[in-house]
Structure formats: structure tokens, C-alpha cells
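Protein chains: 2
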Amino acid sequence: MEVESRNQEEVGFFVLGCLWVKRFPKKFLSEMVEIAKQAKKIAKDDPRKVIHSLKVGLALNLVSLFYYIQPLYRNFGDYATWAVITVVVVFEFTVGATLGKGINRGLATLAAGALGLGAYHLTTITGKPGEPILIGIFVFLQAAASTFIRFFPRVKARYDYGMLIFILTFCLVSISGFRTNDLLDLALKRLYTVLIGASTSVIVSIFVCPVWAGGDLHKLVALNLERLGKFLEGFADEILNSTEAKQSENDVQFRGGMNGILDSKNREEILANFARWEPGHGQFMYRHPWKQYLKIGNLTRQCARRVEALNCYLNPKTLASKEINGMIQEAFSNMSSESGKALKELALAIKTMTMPSSPNPHVTNLQMASRNLKSFLKSDFCEDVNFLKIMPVAAVSSLLIETVNCVENIADAVNELASLANFKGSNSNGAGQNSSKTQCRIFEQPPEDETPHVISINEPTSANEESQSSVHTSGQKLTL
Amino acid sequence: MEVESRNQEEVGFFVLGCLWVKRFPKKFLSEMVEIAKQAKKIAKDDPRKVIHSLKVGLALNLVSLFYYIQPLYRNFGDYATWAVITVVVVFEFTVGATLGKGINRGLATLAAGALGLGAYHLTTITGKPGEPILIGIFVFLQAAASTFIRFFPRVKARYDYGMLIFILTFCLVSISGFRTNDLLDLALKRLYTVLIGASTSVIVSIFVCPVWAGGDLHKLVALNLERLGKFLEGFADEILNSTEAKQSENDVQFRGGMNGILDSKNREEILANFARWEPGHGQFMYRHPWKQYLKIGNLTRQCARRVEALNCYLNPKTLASKEINGMIQEAFSNMSSESGKALKELALAIKTMTMPSSPNPHVTNLQMASRNLKSFLKSDFCEDVNFLKIMPVAAVSSLLIETVNCVENIADAVNELASLANFKGSNSNGAGQNSSKTQCRIFEQPPEDETPHVISINEPTSANEESQSSVHTSGQKLTL
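In order, the protein sequences belong to chains A and B. Quick note on the UniProt record's numbering: the first sequence kicks off at 1 and runs consecutively. Quick note on the UniProt record's numbering: the second sequence kicks off at 1 and runs consecutively.
Some hints could be false.
Remember, identical chains collapse to one label, so a pair may be satisfied in a single copy or spanning two.
Here are the simulated PhoX-like pairs of lysine-lysine, each with C-alpha atoms no more than 25 Å apart in a straight line [what the hints assert, rightly or not]:
id, residue 1, residue 2
1, K344, K37
2, K40, K291
3, K189, K26
4, K37, K49
5, K156, K265
6, K424, K344
7, K40, K351
Simulated from the structure, these hints should not be mistaken for lab results. It should be emphasised that the depicted structure is a prediction, and the values quoted were computed from it without experimental measurement.
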């Protein structure tokens, strides 16, 4: 009995094993196909990623010549390693990132090498036995201080990599002193090889199909504005004639696009940080106002949040119910469509780097539409209607008016960018900048009210003040 | 005349120079004082940053013993450099980050070293003259392929550093083969020194005042919930009795706190990524459900966006105007206060890792308050009132009801976390998980309506679906 059951067990294991072996190639193959598909998608979405990979290979081959060619190898010997390491760690996707890392690495190696040399020479005063203790103290103090400095926000943003290399080089140079006779030679060779690696990376990065962080930031900000404009234009149709089936299909598209816009803050900040390292290129000067793009990006996201909220209320049954007549529907549609057009025009102005028309005709239309809506709402439209039924209309009105305010803020920020960056057709009277300071009365108070509410659209003073910027009223907060 | 003017010029320069020299120490000193103040603030805000800096100094001194102690130096020679480099680049603030980088670096060095050895031995078949060409081709192909793989999102998230070290080690080993006789020795020494450096970092990181990314994530999520709860409680007071002066002061505080909550997404994701590398510690097991924290964080931000919008409408003049009677004000205040209490209780449950009471009494109160508000709004409250005056009330009602929905979603997510992570007092009937699937009728339709609107609060299936999760209605979108 026992033998039989053991036999059966063995057969069972054998069958399972066979099945696994049989299935393995199939599973492996299907996984490979999946990976290949993903690779193809990445390459298709951004072919520059393929070119970047080839560029890294090229730069590495260039620096490895220091190993292969005898006269070069004679000069640096195994220190040539440092050139290879430098290329691997410094070569980044965009020119700005590569330049930033290269400059950080070069300067940090220079400074820390010099300091390390000095520190080592100080320790030699004590003689051999005390040397390691003194070196240890120096290494400890320098590493602790530099690591702490890395926590400073300003250092973290731009010089974090430099500080890392500073710690690294100081430790290597001062510790090596204990085992090397010619420490100056070591420090210099390390500096030269790092410089060779860094400049190889920078040269390949700039001269072989460069990817500019600044250009990417420019395109991203314009694209987000354009997408938001398209959504708003889409809403205009949806308000007038939508079916539920069509809407749920639109909804999925909307979610994807909206998340793309709302989640772009981090990417924009990284790109702006890199762009500041880049030299002038194409249409961009060296000190192009990259910060202004962050401001426009923040305002775009603020507007996107309103549009997201608006989307929740765009329900065919709500807006098509018998309580809401055609006139208000048309007013909503009109405001949404004009907002969309205004944003798309601003996106185009950024894209083509031309001065946007000021005052923007769509913004003027928007102000008119806003006024029309409000005068309609002042009429006796509300009487004898169930409050719960009216709430969506109130919410949509309120959100649309807020969206219009956001659009005006964006228009001001784009105008400011246009004058800061001298866009084509820019007139020197600074219309763009002035317009941002004027009070724009888009909401007049009903005459029976005692305290006049004037909504003024003030320019936010800094990109960080994103949330503060929205809408302020003179003397009191927005009552809408 | 000319001599005189030149004299005057020289005197001018001299005076300017003197002034500069005189002012320099003062300016330098004031800058130093500023930096010292900033350093003091950073150290006071998080003393662990100071301890981390000292830990880096300690770890570096530990690995530099390989230089000072003769028997250790005899084994590794100048390869000891790699141990120092490894400590500098691997040692990060949290245990998770250090472990992740250490494991990535160790495994990548092992794999790339073996592959580099193999590649070099392949090239020796062709003989010396062809060797560099073949090595060059291998380096190019490997670097290009690995760089491209770094663009895969899954690789980028967890293994980016490993891929970098893979490229680096492969190049170093295969290129060094051209100039070294004992390549195996080189590869092994590199591996050993990297392992020594990585394990020194990990040991110091874990055993000297460890900073756990998981613990930080846990605290951050609970803190954000608590802050949001406090804001909502604050609103409750503000609705009933606020003055303009007090409000604008509150507003600055509100902005700061709200931006902190809204901008925490990136930080939470980074911490969750690190936490996954960490071993079990304190109250957290090895496979603690860190992803669930991201979900709670996303829902918190979603709720924060509603609260931010709500803040815009909390204007003493609006809500205290004669059209809005005390009863609605009280209803608003009640809802806001109960929402705040519910959130604070949930934050406490996370903090103390105890099962939250289910059903949450505050959530039950909220449902009641919601119902009360709606029945009041159904009354003839709206007749003969100017629509523009009613709009803020409509908006606040609508936003409060949405906030209540968000609070319920958060309660469900926290319940789920409690049962996934076996919080204290957790009962095994899975009440938390079940409750998330039940339909919660918080909004009954006025009887005269034909189509019944039932708002069901569905659990979002993934943390990414943040925006999709909010509120769905069966058959149609939210009409409020």
C-alpha cells in the first residue's frame, strides 16, 4: 500500500514537473512579448528616449578611448576609471540636467580636492601615529557638516549632487594621503578625469540631438492650457445636447486628461530647475523667464480644479430638466465655449511665441457673457422652484464665473510672460503688465444692496501663492 | 586740470574701496547669522537630521579603517576606495532608502561584474587587435539597452539606481580587462568592497537611531487627516460667529496648512516606495499595507480640495445676511463640526493603531445632519429671494454634502487599513471591509420626483483612481 502511494506521489510530482517545464517557455515567451510591447510603446511615445540611450553608449565609448589608446592611458592610468564613472552618473536625459550635474561635479571635485589636500597636510604635522586620528576627525566633521547642509532647501534644490561629490572627494583625497606619496598628483588626476568625463557628457548631450528641458517645459505648459481649453469647449456642446452613453465615454477621456494636468506640478518644477542651467538655444535666451511658466502652470491647475468640479454637475438630466429653460443653458454653453477658446488662443500664443492680442476678444466676450448670466439670474427666475432643483444651476453658475476669473488670471500671466520674454509682435507699452493691475468689474451688485461688492482680479505676486491668488474682493471675500 | 580730475577719480575709487572693505565684514557677518538661524531652525524642526549627519560621519570613519589598518589594507589595497564611495552614495536619511540603494548596488555589482567578465572573455577570442572594438560594441549595446530599460516605469520606480550601477560596473569590468591581468580578482574585490560599504551603511542606519520611512508615512497620513479635521471644526465656529479681522488672520494659517496637505502627494509616494524595502519594526510588520496609506492620502487631498472651496464661501457677511436664517447656519455649523470630529477620530485611530469604532458615531451624526439640511432645503425657504443671494447658500450646502461623502470614503479606507494591518481591537468579521461596499442612502429624493436618485459611495479600487472615486449615483451622475 505504502509503496503504491509513494509511486503515485512520484508520478504526481513527475507530471507536475513536466507541466511546469512545458508551460515555462510559453509563459516566458508571453512575458517577453509583453515587455517588447511596452518597449515599443515607450519608443513610439518619445523617440528621443531611444536616441538618448544611443548617446549614452556613444559617450561611454568616447571616454573608454582613454583605456585603449596607449599615450592617453600613460597619462592617467587607472584613474581613467573616473572618466567612465563620471559619464555614467552625469549623463542625463536633458541638457540642463547633464550640465547641472557636470558643473556640480566639476566644481565640487575642485573644491573638495583642494580642501582634502590642505587637511591632509595639516595632519602630517602630528607625525605618523596621530595621523589617522586627525584624518578621522576631519572626515567626521566635514561629512557631518556637509550632510547637514544638504538639508537646506536652497542647497537641496540646486546643489545636492555637488555636496555629495564634495563629501566623496574630500574623504577620498584626505584618506588616500595616508597611503600615497604624491597626493597632489592623485587629486589632480582625479580632477582632470572628472572634467574629461563631465565635458564629454555635456558635449554629446548638446551636439547630438539635444533634449532641452526648457523646450519641454514650454511645450508642457502650452499643452496643458490647450487641453483645458478643449475640455471647456467640449462642455459647451455637452451642455446643449448630450446623451448619457456619449457622456460616460467622454468621462473616461476627461479623467485621463485632467489627471495629467493636475499631476504636472512636480514635472514642471523639475524641468524649470534644469532649464535654468541651460545656455540660450533656439528661441530661448539664456535668462528666459522660466519661473513665469511655473506661475502659468499653477494658474492652469487652479482653473483645472474648477473645471473638474464643473464636470461633476454636467449631467444631462440636471441641466435639461424642465425647470431650467433654454436661455440659461445657452448662457452656460456660451461661457464655457468662450473660456475654452480664450485658453486655446493663449496656448497658441505661447506655442508660437507671439504676443497674445490684448485685450483678448474672447476674454471681452466672457465678461459680457458673465454679465448676461448675472442679469438673467437677477430676474424672477427662481420663484416657486424647488431649492434642491436649483442647486445644480447655482453651482454651475458659480463655478463658471470662477472659471472665467481663472481664465482672466491666466491671460494676465501669459501677457506678462510675453513681455518678459519679448514675444514676437510685442509692443513696448507693456499692455500685458498693466492690464493685470486694472480692476475688472465683472460682477455688478444688484442695486438694492447696501454694500457694493466689487470683485477685483489681482495678480498673484509669486508662483507659490497659487491658492491665494484666485479672487479677492475689495473689503470682503468673494460672496459668490 | 587732467591731473586733478585723475587724482579726484583715484580718491573716489579709494573711498569706495575703503567703504567696501569696511562693509564687507558686516555683510558677511549678517549673512552668517542668517545661515546659522536657518540651520538652527532645521535642527529644531527635526533633530533626526542632525543625528543623520553624525551617522554619516561615523559610517565613513568605520569604512576608512580599511585604509588605516594594515592587514585590512593588504587585502583590498586601493579598492578600499569603493567602500568609501559606497557609503557616501548609499547612506540615505531613512532606513528604507538606504536598504533599497544598498541592495540595488550589491545585486547590480554582482550581476554586472559576472556579465562583464563573460563579455571580456568572449572578446579575448579575437586576439589583441580586435579586442577594443569588440569591447566597444559590447559596452555600447549594454549601455544603450540598460539606459532604455531605465525608462520603463516599473524599473524607474524601484530599480533605477540598480540599473545605473549595472551600466557602471559592466563598463568598468569589461574595459579594465584590457589593462589588467587578473580581471576576476578586480571584479571580486570590487564586489566585496561594495558589499562592505553597503552593509556598513545599512547597519549604522538601522542600529543607530533609525529613521523609518514607514513610520514617517504613518505619521504624515494621520497628521494630514487631523489637520483637515481641525480646519473643519474651525469652520463650524466661523460660520456661527466670526469677525472679519479674526478671519483674515485665520486665512493665512489656513492657506499654509492646506497647501501642506495638498502638496504632500509626492512625499507620500516616495515614503511608501522606501517603506516597502524596510524589515518589520515596532508596530509594523514586514508586509504592512503601505499602499493603503496612499489611498487614504489621496482621499484626504480630495476632501481637502472641497474644504478649500468651502473656505472661499465662508464669509461672515454672506452667511449672516438677513435672508439666511439661524437654522441653516446651525445646520452648516453642525455638519462642519461633525465632519471635523469624525476625521480627528480617524486620525487618532491611525495614530494609536486601534480599530476605529464602526459604524462611526460621528459619521452617523453626519448622515443625520445631511438629511436634516436637505429636508430644510426642500421647504419653501427659497421663495421670493434674490437668486444671487441664494447662490452662496446653495454652494455651501452642496460642498458640505460633498465633504460628508469624502469623510465617509475616508472612514471606509481607514477601516480597510485597520483590518488589513490588524489594528488593536480588530474583530475578525471584517466589518471595515464590508461597510465599504454597502450603499449608504444619504440623500433621499423629494417624493415628487420621478427618477430615484441614490447616491452610493463606492470604494475606489486603486489609489490612482483618486478622482474617479468621489461620488457615483446609480444610473446617473451626482445631481448636486
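Going down the list of hints, with the structure as the test:
no. : hint        : verdict
1   : K344 / K37  : neither (34 Å within a copy, 47 Å between copies)
2   : K40 / K291  : neither (35 Å within a copy, 29 Å between copies)
3   : K189 / K26  : neither (53 Å within a copy, 39 Å between copies)
4   : K37 / K49   : within (16 Å within a copy, 44 Å between copies)
5   : K156 / K265 : both (18 Å within a copy, 19 Å between copies)
6   : K424 / K344 : within (18 Å within a copy, 55 Å between copies)
7   : K40 / K351  : neither (28 Å within a copy, 45 Å between copies)
When each numbered hint is compared with the structure, violations occur for hints 1, 2, 3 and 7.
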